[in-house]
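Undergrad: Protein chains in written order, with the UniProt record's numbering: chain A, 1 to 265; chain B, 1 to 526.
Quick caveat, the hints were computed from the structure, so don't treat them as lab data.
It is possible that part of the hints are untrue.
Stated by the list, open to error - To be clear about the criterion: a stretch of chain B counts as covered by chain A if any three or more of its residues have a C-beta under 8 Å from a C-beta of chain A, and this derived list gives those stretches: (1) 143-155; (2) 487-501.
Unchecked claim - In silico contact screen, one side only, chain A against chain B (beta carbon under 7 Å); selected entries: (3) V19; (4) C24; (5) S58; (6) S105; (7) P120; (8) E163.
Said to hold, decoys possible - Some residues of chain A that are not near chain B, with every Cβ distance over 10 Å (derived): (9) D97; (10) R222; (11) A231.
Yeah, the Cβ is synthetic: ideal placement off N, Cα and C, and Gly gets one too.
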Amino acid sequence: MAPDPRAAEMKSVASPDIVCEGLCKSFADGTQALAPLDAVFDGGKTTAFVGPSGCGKSTLLRLIAGLETPSAGAVLIGGAPPASLQRQGAIAMAFQDPSLLPWRSLRGNIALALTLAGRPADRTAVDGLIDLVGLAGFGDARPSALSGGMRQRAAIARALVTEPSLLLLDEPFGAVDELTRRQLARDLPKLWEPRGTTTLLVTHSVDEAVLLSDRVLVLSPRPAQIAADIAVSLPRPRPAGIERSENFRALVMQVSDALAEGAVA
Amino acid sequence: MTTAVGTIAQPLRSGLGSAFGVILILLAWDLAARATAGSFVLAAPAEVLNWLVANRGLMGRALAETLANAAAGFVIGNLAAILLAVVALAWPRAERAVMNLALLIFCLPLVATGPILRVLLGPGDGPQIWLAALAVYYTTLVPLMVGLRAAPASWLDLVRIYGRGRWTEIVRVRARAALPYLFAGLQIAAPAAFLGAMVGEFTGAERGMGVLTVRFIRAMDVPAIWALACVAALVSILVFAAIGWLARFVLDEKPPVIIAPAQAVGALGVTARMLRTLTLAVLALALWWAVIQIAQLNPFFAKGPDDVARALLSAPDAAETRARLGTALVETAVYVVPGWAAGLGLGAAIAIVLILFPPIAAVAMPVAVALRAIPIVTTAPLIVLVLGRGAVGTISLVAVMVFFPSLVACLHGLRQAPGQIMDVFDSYAAGPVSRLIHVRIPAMLPAFFASARMSVPAAILAVTVVEWLATGRGIGSLMALSASLSEYDMLWSAIMATAVLAVLFHAGVSALERVVLARTAPEQVG
Chain A
1 MAPDPRAAEM KSVASPDIVC EGLCKSFADG TQALAPLDAV FDGGKTTAFV GPSGCGKSTL
61 LRLIAGLETP SAGAVLIGGA PPASLQRQGA IAMAFQDPSL LPWRSLRGNI ALALTLAGRP
121 ADRTAVDGLI DLVGLAGFGD ARPSALSGGM RQRAAIARAL VTEPSLLLLD EPFGAVDELT
181 RRQLARDLPK LWEPRGTTTL LVTHSVDEAV LLSDRVLVLS PRPAQIAADI AVSLPRPRPA
241 GIERSENFRA LVMQVSDALA EGAVA
Chain B
1 MTTAVGTIAQ PLRSGLGSAF GVILILLAWD LAARATAGSF VLAAPAEVLN WLVANRGLMG
61 RALAETLANA AAGFVIGNLA AILLAVVALA WPRAERAVMN LALLIFCLPL VATGPILRVL
121 LGPGDGPQIW LAALAVYYTT LVPLMVGLRA APASWLDLVR IYGRGRWTEI VRVRARAALP
181 YLFAGLQIAA PAAFLGAMVG EFTGAERGMG VLTVRFIRAM DVPAIWALAC VAALVSILVF
241 AAIGWLARFV LDEKPPVIIA PAQAVGALGV TARMLRTLTL AVLALALWWA VIQIAQLNPF
301 FAKGPDDVAR ALLSAPDAAE TRARLGTALV ETAVYVVPGW AAGLGLGAAI AIVLILFPPI
361 AAVAMPVAVA LRAIPIVTTA PLIVLVLGRG AVGTISLVAV MVFFPSLVAC LHGLRQAPGQ
421 IMDVFDSYAA GPVSRLIHVR IPAMLPAFFA SARMSVPAAI LAVTVVEWLA TGRGIGSLMA
481 LSASLSEYDM LWSAIMATAV LAVLFHAGVS ALERVVLART APEQVG
């Protein structure tokens, strides 16, 4: 059967490929965060970046988000620069810090993303997401009344509420305890996987990278370069207890070894 | 952002502390009045109260007049501050120029702008209102700018990731994030507006507390002078408290204690710095000239930069003008600098002593914050009455004026010491003195310097008011004299010279601040 050209177009909008061409970033103080980087991240897939602290993972994510301007090279998302996707409200990002506005309720914080993206504030959608991230009943609470893990889940709900085509997660589970972290890593992908959202994830945890992604890129110390590119072929959605499977452990070992080698090289 | 962790004990304790402080002050006052009875200096609390009861009609009318002017000026000045802050924020390239010009205008001595506004605007309420506005706009602008910039970077990233620009950033994030800072500014602005209105009334209004003050000084009516000062102080503290209460009612978070902006970040070379100063000077002169032209002010009263240059450089009596101006400036500086230094030093020293005795510091903080609200200049007649018209009186007034903001800033800074670092010291069983030297004092320095900078215009205001009202020396007196003799060239020259010296003084403190903070708090200077 010949592929439907319209479907292909739909895919490129909903699940855009990301192309980095000679992407470079140096800061005013002279630090070079990113060596020239050429890479393609497939639409509709989840790619995880792991690497030593301060290697430039976050900078890469911010460049793709259009929050930093490249010193050289370019980022193309579905063929367009990040700014044009930003304007369509098609990018969403969960930051290291939950970054909830303290004067807004949980519901108000999530609805803010809709307002900023120029969409009507759809209360059912907001409340639905609040339930999905397990915060039912906390819609009227202020962030200060929530625990760290709850705030992080709220931030992820905010990122998802606009149904973005590109979802950027910068260590989104950083401040969460181990138990919640595992639960979030298992539950949250169910929210974006069915939509075919292109997802990029920065993390320190090798387990998390393998659990969440289709591909793990191991970055070298600054200026960041791709030290290893590891495909993760595990079933989706991930079955419970997959962390104990042989395949999973082997992949974790492979990523950890690459990380250790990259740090030496 | 600090969220209010409200325990019941805290407000109760600070309330008790304030009450205790007030009783102590009243007691000391009464004792002092008894000790100096018959010397026409100090009126006892009972005498003041009697006078107030006997003259309640007069006092009530004057207070209503001054309050109305202060309120009008408060509104105008704060709206101007908000407008300037939005301009500076929406158009970042203009920020430095806006802030520097705002500082320059704030450094214009009120006692000189008063008479000029009086001749330009006539005998009505205009000058009082404008002086009140001039007295408040900078003290609001400064914390507001801090607040508008205080939003964490990721909140702004959130706005940008949805493709929204600076305007959405200001409306959705920065404006609300700045609210607690705005309230902190408004709190300080309230007594400043009262002060501005009173200084405006000193310059020849028909009604108001300032008019009464001038009248009772001439008559040497001691209980009346004390009564006026007490009412001014009480009203200021009440308004200060009312705004604080409103802030607690409106906001979830506690208003921050903001004293002044952090130093401008960025290392600039000497050439760049000089170029910037030059640009600012040209901009200021152009603005000065443009205002006179656009408002079509009467050239007999309103002198432009060209007139001042002629008066100081090329007029036949230029040398004499320069000499008179120079002498007056030196006379003023001799009072400003020691008074400023003494007030600052005393504030810091007492803050350090207080912090070593935490229970006393807890009681002293609310009292100091309340006393900071007293428009000290309105008590100028008192201090002159008590300490005489000589150097001691004037220097003491400046010291008192600078002391309270310095004490509050330093106490706040000393308490800012990071808890985790204090824990490290505790784990080595370090004593309070060692903690003071290694943690608390370095943590205090940014607040100390911020208050040192902000005190410069206040110190100059205090000295010029005393010179103008009482001592008959220095630049304040020269300005009063030239205003009454219609020597407007001299008046404008004096204003310009005072403003330039104030800015230079301010710049000198900033330079010292940069050097010291580069060693103790590098994150503050970048």
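Undergrad: Now tell me, hint by hint, if it's right for this structure.
TA: Now the hints, each set against the structure:
Note: the segment 143-155 of chain B has 3 residues with beta-carbon separation from chain A under 8 Å; the three-residue rule is met and the coverage holds. Residue count for the segment 487-501 of chain B with a Cβ under 8 Å from a Cβ of chain A: 0. That is fewer than the three needed, and the coverage hint is violated. The interface hint given for V19/A is broken, as the beta carbon of that residue sits about 20 Å from the closest beta carbon of chain B, more than 7 Å. Among the interface hints, the one on C24/A is violated; its C-beta lies about 21 Å from the nearest C-beta in chain B, farther than the 7 Å criterion.
The restraint placing S58/A at the interface with chain B is violated, with a minimum CB-CB distance near 11 Å, outside the 7 Å limit. Interface restraint check: S105/A against chain B, minimum CB-CB distance 11 Å, threshold 7 Å, status violated. Evaluation of the P120/A hint against chain B yields a violated restraint, the C-beta minimum of about 14 Å exceeding 7 Å. Look at E163/A: its Cβ only gets to about 13 Å from chain B, farther than 7 Å, so that hint breaks.
At roughly 5 Å, the least C-beta separation between D97/A and chain B is not larger than 10 Å, which violates its mark as non-interface. In this structure R222/A is separated from chain B by more than 10 Å, as the shortest Cβ-Cβ distance comes to about 20 Å. Distance check on A231/A: its Cβ is at least 29 Å (rounded) from any Cβ of chain B, clearing the 10 Å threshold; non-interface status holds.
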